[in-house]
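Place chain B on chain A using the hints.
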Amino acid sequence: GIQVEQSPPDLILQEGANSTLRCNFSDSVNNLQWFHQNPWGQLINLFYIPSGTKQNGRLSATTVATERYSLLYISSSQTTDSGVYFCAVERSGAGANSKLTFGKGITLSVRP
Amino acid sequence: DSGVTQTPKHLITATGQRVTLRCSPRSGDLSVYWYQQSLDQGLQFLIQYYNGEERAKGNILERFSAQQFPDLHSELNLSSLELGDSALYFCASSYADGPNEKLFFGSGTQLSVL
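Chains as they are written, first to last, in the working numbering: chain A, 21 to 132; chain B, -13 to 100.
This is chain A alone, in the form it adopts within the complex (with noise of 0.2 Å):
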């Protein structure tokens, strides 16, 4: 099946900076989401972005679909970003039986 790397692992910001999350995925891809996991476990959508660039408030996202890989960007970091983001995907054509994958996911912690 199709491979989603996302990198860093883990990342901690103090608050008010910035940073960049990056997934690498190994196929062409239909259906690319970036999601939020909460410290209380809830998963929150932010992007749906199988191609180019989209924005929400301090987050954007950007994939390039020709070169495999998506870049979710957080601006001016705050506590409540804490918690994990995770890449989401869909390989093109892959058959009714192929739903998103979803890679390991990067903590982000953001200090006070």
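Keep in mind the hints are simulated off the structure, nothing from the lab.
Worth double-checking, as some hints may not be accurate.
As the list claims (entries may be wrong) - Straight-line C-alpha distance at most 30 Å; calculated DSSO-like pairs for lysine-lysine:
#1 Lys124/A x Lys88/B
#2 Lys88/B x Lys43/B
#3 Lys74/A x Lys124/A
#4 Lys(-5)/B x Lys43/B
#5 Lys88/B x Lys(-5)/B
#6 Lys(-5)/B x Lys124/A
#7 Lys74/A x Lys(-5)/B
#8 Lys124/A x Lys43/B
What the hints assert, rightly or not - Chain B is nowhere near these chain A residues, computed Cβ spacing over 10 Å in every case:
#9 Leu33
#10 Gln62
#11 Thr73
#12 Leu91
#13 Ala108
#14 Pro132
The structure presented is a predicted model; accordingly, all values stated were derived computationally and were not measured.
Where a beta carbon is used, it is the ideal one built from N, C-alpha and C, also for glycine.
This is chain B only, laid out in the frame that chain A set:
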């Protein structure tokens, strides 16, 4: 709040038992997905239903089964439970069944098998 409701939030049971996890999708969503999150396997897709019919199967054990009812809520049944089944089980929903569907997750059911 994603609009996806899962019950119960926590479940503690013993090996060999059977449990049922329940999920109500967002209003208007026809697809329901079940995922399992464990420390060693990460987030893994189990099964998907669309408008009452099974659409896709992932890494779901034969001891596990699911169904989606006419009112679109779904139940995941886990039987002959083993210690290794302890995990966080998520339900997600989307409007349709296509490759470009955005998924919305419930807050999960934490299952502990003792």
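Here's how the hints hold up against the structure:
1. Lys124/A x Lys88/B: Status holds; Cα separation ~19 Å.
2. Lys88/B x Lys43/B: Distance ~18 Å between Lys88/B and Lys43/B Cα, so the pair holds.
3. Lys74/A x Lys124/A: 23 Å, holds
4. Lys(-5)/B x Lys43/B: 24 Å, holds
5. Lys88/B x Lys(-5)/B: 23 Å, holds
6. Lys(-5)/B x Lys124/A: 23 Å, holds
7. Lys74/A x Lys(-5)/B: 33 Å, violated
8. Lys124/A x Lys43/B: 21 Å, holds
9. Leu33: Per Cβ check, Leu33/A is outside 10 Å of chain B; nearest 23 Å; holds.
10. Gln62: Violated, because the least Cβ-Cβ distance between Gln62/A and chain B comes to about 5 Å, which does not exceed 10 Å.
11. Thr73: Non-interface label stands for Thr73/A: nearest chain B Cβ at 17 Å, farther than 10 Å.
12. Leu91: Holds: least Cβ distance 19 Å, greater than 10 Å.
13. Ala108: 8 Å, violated
14. Pro132: 26 Å, holds
Violated hints for the displayed structure, listed by number in ascending order: 7, 10, 13.
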